[in-house]
Every structure is written in C-alpha cells, then in structure tokens.
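Sequence lines, in order, name chains A and B. Numbering of the first sequence is given in this note's numbering, commencing with residue 1 and proceeding in unit increments. Numbering of the second sequence is given in this note's numbering, commencing with residue 1001 and proceeding in unit increments.
Think of the hints as simulated: they come from the structure by calculation, not from any bench. By construction, the Cβ of each residue, glycine as well, lies at the ideal position given by its N, Cα and C atoms. Do not rely on the hints blindly, as some may be mistaken.
If you want the footprint, here are the derived chain B segments under chain A, 3+ residues with CB under 8 Å [claimed, not checked]:
| no. | segment |
| --- | --- |
| 1 | 1015-1026 |
| 2 | 1078-1087 |
| 3 | 1114-1123 |
| 4 | 1162-1174 |
| 5 | 1193-1205 |
| 6 | 1240-1253 |
Each pair of labels, with its calculated beta carbon distance range [said to hold, decoys possible]:
| no. | chain 1 | residue 1 | chain 2 | residue 2 | range |
| --- | --- | --- | --- | --- | --- |
| 7 | B | 1063 | A | 221 | 30 to 38 Å |
| 8 | B | 1186 | A | 248 | 34 to 42 Å |
| 9 | B | 1197 | A | 88 | 26 to 34 Å |
| 10 | B | 1044 | A | 173 | 49 to 57 Å |
| 11 | B | 1128 | A | 123 | 43 to 51 Å |
| 12 | B | 1073 | A | 4 | 15 to 23 Å |
| 13 | A | 238 | B | 1261 | 58 to 66 Å |
| 14 | A | 245 | B | 1197 | 32 to 40 Å |
| 15 | A | 221 | B | 1039 | 43 to 51 Å |
| 16 | B | 1261 | A | 15 | 27 to 35 Å |
| 17 | A | 151 | B | 1095 | 19 to 27 Å |
| 18 | A | 173 | B | 1181 | 49 to 57 Å |
| 19 | A | 245 | B | 1095 | 39 to 47 Å |
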Amino acid sequence: MKRGLAVYAVGAYAFLHVPLLILAVFSFNSSRFAVWQGFSLQWYRAVAADGNLIEASVNSLLIAIAATTAATIVGTLAAYGLWKRGSAWLSGSMYLSLVTPEIVTGASLLALFQWIFRFLHLRLGMHTVILAHVGFSLAYVVVVVLARLRSFDRTLEEAALDLGATEFGAFWSVTLPYLGPAIAAAAMLAFTVSIDDYVITSLVAGVDSQTLPMVIYALARRGVNPALNAVSTLIVVGLGVLIMLSERLRRA
Amino acid sequence: MKLRNAFLAPSAVLMTLTMMAPLAIIVVYSLLTRGAYGGVELPWTVENFTRLWDPVYGAIFLRSLGIAGVATVLCLVLGFPLAMFIAGSGPRKNLYLSLVILPFWTSFLIRTYAWMFILRDTGIVNSVLQSLGIIREPLPLLYNDGAVILGLVYGFLPFMVLPLYATLERLDPNLLEASADLGARPWETVVRVTLPLCAPGIRAGAILVFVPCLGTYLTSDLLGGSKTVLIGNLVQNQFTASRDWPFGAALSLALMAIAMLLLFAARRKGEELL
C-alpha cells in the first residue's frame, strides 16, 4: 500500500511539474515547433526586444506593488479589528469576495466604474486596475493574518496594557511583531494573485494599462508562440526566486 | 474600541466600494432594459431573468455544472492518494507539501498555456506520436471539453490536496490501527475509516475546486476554443462583445446564486474562515 502510494505520488508530481518543465525546455529551442533542434536564446532576445511586453511587465509590477502594499496594510488592520470583535458587514463582504467568480467580480466592477464615470471625468486605467486588485486581494490578506491571530495569546496584549502601554502601543509593539510572518505570507499571496490576474484586470483596464497577463493572453489566443515560452519561464523563475527569498526572510 | 473602528474603517470603505457597491449595481442592472447603444435603460423588467430559462442557456448552465463536477471528482480521485502519501511520509512532509503548492504560486495563465503548448496539433504529444509512427494525422487534443477538464484539474488539484492533507494529518492513527487489528484489509480501512473521517476535508476541497471551476472563463476560453461556451464565457461576452449588460448581470447573479447555494449546503458549524 505504502509502496503503491509512493509510485502514484511520483506520477502525480510529474503531472504537476512536467508541463512547466516542458515549457521551459522549449523556450531554449531554436525551432518554433515542438521538435528539439538545438539550443538558442532567440526567443529571449525576441522578448527583450518586444516593447509591448516590457511595458506591460512594468505596468504589472507597478500595479502589484501598489495593490500589495495597500491590501497588506489595510488587511492587517482589518484582521486585527475583526479579531477584537466581529463585524458582520465586513466578514460578509469579504466572504462574498472570496466566493464570487472572478468574471462576476470583474464585470460588476466594470459596471460600477462606468456608472461613476458618468459623473466624473475619469477613464479606465491604472487607477481602476489597482483599486480592483486591492479589493480582491484584501480578503486573502485578512484570512491569512486572522488565522495567525487565532493562535495569539490575548493575555500578552493585556499585560502590555497593564504595564501602561496605550491600546495602539500594545498593538504596535506586541501584537504586530507576532504577526510578522503571517503578514509576509499574506503580502506574498496578495502579490501573486495580483501579478497573475487576467480575468478581472482585462475588464477594468484601459488602453494605457495593459498588464503582462493581458499581453500573454492575447498572444496565447492567437496560438502558440515560443516567445511566450520564454516569458513564461522568466515569470516562473522570477516568482520562484521571490518565494525563496520570502521563505528565507521568514526563517531569519 | 475606537481603535478597532479606526482599524476596520479603511477595509470597510474598500469592500463597500469594490464588492458591495458593484454587486448592488449588478442587481439594479439585471432589472433594467438593454440600451440602444449598449448601456442600460428604463423600464424595469424581469425579462433578463425569464431569458435564463431559455433552453440554450439552460444547456450552457448544465454543461458548466457537468464540467465543473467532473473536474471536482477527478481532483478528489487524483488528490486523495497524493494527500495520503504526503500525510504518511514522515519527516519529508513539508517538502512534499511544498511540491504540491509550488505550481499554485506560479501563474495560472502560464500553466494553462503550457497545456496549449503540449496538446496542440503541432504540440509535443502529437509530435512524439507522429515521429514514432503511431499516428499520421495529429490527434485533436486541444479545443474540446476534455482539454478544459484537464486544464481545470491541473489548475485546481492543489486546492483539493491541501484541505485533504490537513484533515488526514489530524487523523488519529490509532483508529487506523484498530481497523487493521480488527481484520480490515488496507483498502477496507481506507474506504471505511479514512474516507468517512475525511469528510470535512473532502467538503472543503470540493467547494474550493467546484466553485471556481463553475465560473471558469480563462481555461474554457484558451483550451476549449470557441466550441466550449461555459457560463463564465457567456457572462464575459455579455459585458464585452454583445454589450447586453442587463442580461450579463442576470447571468452573474444566477452564477452567484448557484455558488452560494452550494456553499450553504456544504457549510458546517465551526468551519468558517472569517
């Protein structure tokens, strides 16, 4: 039984990892077809020369950094507030945001933005994308931070208060440090959901706020393109490095 | 107490703006008439909801439910032995667990594209089969329901494995031993002891997989091509190409209602996240 499970697990891990490995290997292929014809960096050169891809990558990074920062701060505060005492409105809306299909979130945000734009002279752009990203990553941050707070010993904070700390002081110097690893994990999660999002972003983005997933998507719909393999490999490696770094930080 | 309110205020404003207000707009729009140039107009109507009963849309709903259901069952069948393996792997548990989570951290879009690369006519599977002389014409592996299900299973398998692993890990090993001592074969123990005790994990995993699969848009669009229209694609179409926002709003609400019903049905006391 144990042996059977181990053999099965090898197969399951292959299923999970081999597709991305294939993608990476063929990003170095000199042919555009799925037949190996020799090592080449031409697709990486094609990516580096593609202004559209570069611009979209910069947009994606800016959006992800802005949205992650905002969602992490606001979400951490919210988790702490909810831990102190529940709020049906907030928990309810966050629960909704977690279970609402992305396409519905995107479409309804688009409807709201278009309605607001009737009264304000604004257009879809980076700001609407960032706002949408903060919105959908907020609940993730709260879930992660709240999970850590549940194992926090309330008496530590009470001790700080008894010793003369202000309410905020107790939060700042006792609770917050305890939450550090969870906040880092939450930020990491917010960053990855933001940088990866296509469905919601494509609906609320304007002409000047194309993101990397949007460009990748447009290319993928037109068919397979080895430059896409190169971009994909770069993203997977980039995210991998980021995860490793954050693990290091967490352990340090 | 004031501090708590100050802490909750920013997220309350944000969630109102990005979740509740859009939802309210969708509810209002679903009851309005499609405008001549794509917007919404008076009069109020329930026509958008009665249209949902049109057999054409009924078929799309059923098809979406079917595909999401098959993907969920496959995730469970494939994920359960993997979760058992991880739970029973002793000191290396964390390594094996991160190997499951790792693809989850990499882009969903890219993982879907990987399957396009593998399954297309000139993809790696067809190339290999052709060069081995097993087939002459490429097999139509891409752009069908099977490819969509494969993409969904690939994308959401970690969502099934994690909750299963969490319950398996907390399982009292004495119960399994007792079962073996009482003469059960290993597979009998799995079916009659492990599986029933894993019910909370199975429920959580099934919800985490089924709900996003039901509303999927990306996977069906890329791997299903134009042949596989699911609810997600239908909603997207109403808000973009068709410019029928009221009907798109009604479809969105129907999709959310199904998701909510399922969540409610699967809900048990003490399993809340928030």
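> Okay, residue 1044 of chain B versus residue 173 of chain A on CB: inside 49 to 57 Å?
Replying inline: Distance hint for residue 1044 of chain B, residue 173 of chain A holds at roughly 56 Å.
> So the hint says 49 to 57 Å: do the beta-carbon atoms of residue 173 of chain A and residue 1181 of chain B match that?
Replying inline: At roughly 54 Å between Cβ atoms, residue 1181 of chain B and residue 173 of chain A fall inside 49 to 57 Å, so the hint holds.
> Holds or violated: the segment 1078-1087 of chain B covered by chain A, criterion of 3 or more residues with Cβ-Cβ distance under 8 Å?
Replying inline: holds (count 6)
> Falls inside 27 to 35 Å, the C-beta gap from residue 1261 of chain B to residue 15 of chain A?
Replying inline: Distance hint for residue 1261 of chain B, residue 15 of chain A holds at roughly 32 Å.
> Can the suggested window of 26 to 34 Å be confirmed for the beta-carbon pair residue 1197 of chain B and residue 88 of chain A?
Replying inline: At roughly 33 Å between Cβ atoms, residue 88 of chain A and residue 1197 of chain B fall inside 26 to 34 Å, so the hint holds.
> Does the segment 1193-1205 of chain B contain three or more residues whose Cβ lies closer than 8 Å to a Cβ of chain A?
Replying inline: violated (count 0)
>> The hint says 34 to 42 Å between residue 1186 of chain B and residue 248 of chain A; measuring C-beta to C-beta, is that right?
In response: Distance hint for residue 1186 of chain B, residue 248 of chain A holds at roughly 40 Å.
> Holds or violated: 43 to 51 Å for the Cβ distance of residue 221 of chain A and residue 1039 of chain B?
Replying inline: 27 Å, violated
> Per the coverage rule (Cβ-Cβ under 8 Å, at least three residues), is the segment 1240-1253 of chain B covered by chain A?
Replying inline: This one holds; 5 residues, not fewer than the three required, reach chain A with a Cβ under 8 Å.
>> A range of 30 to 38 Å was offered for this pair. Does it hold for the Cβ distance of residue 1063 of chain B and residue 221 of chain A?
In response: 21 Å, violated
>> So is the segment 1162-1174 of chain B in contact with chain A by the C-beta rule, three or more residues under 8 Å, or is the coverage claim wrong?
In response: violated (count 0)
>> Holds or violated: the 19 to 27 Å window for the beta-carbon distance between residue 151 of chain A and residue 1095 of chain B?
In response: 24 Å Cβ-Cβ, so the 19 to 27 Å window holds.
The structure fails hints 4, 5, 7, 13, 15, 19 (numbered hints given earlier, in ascending order).
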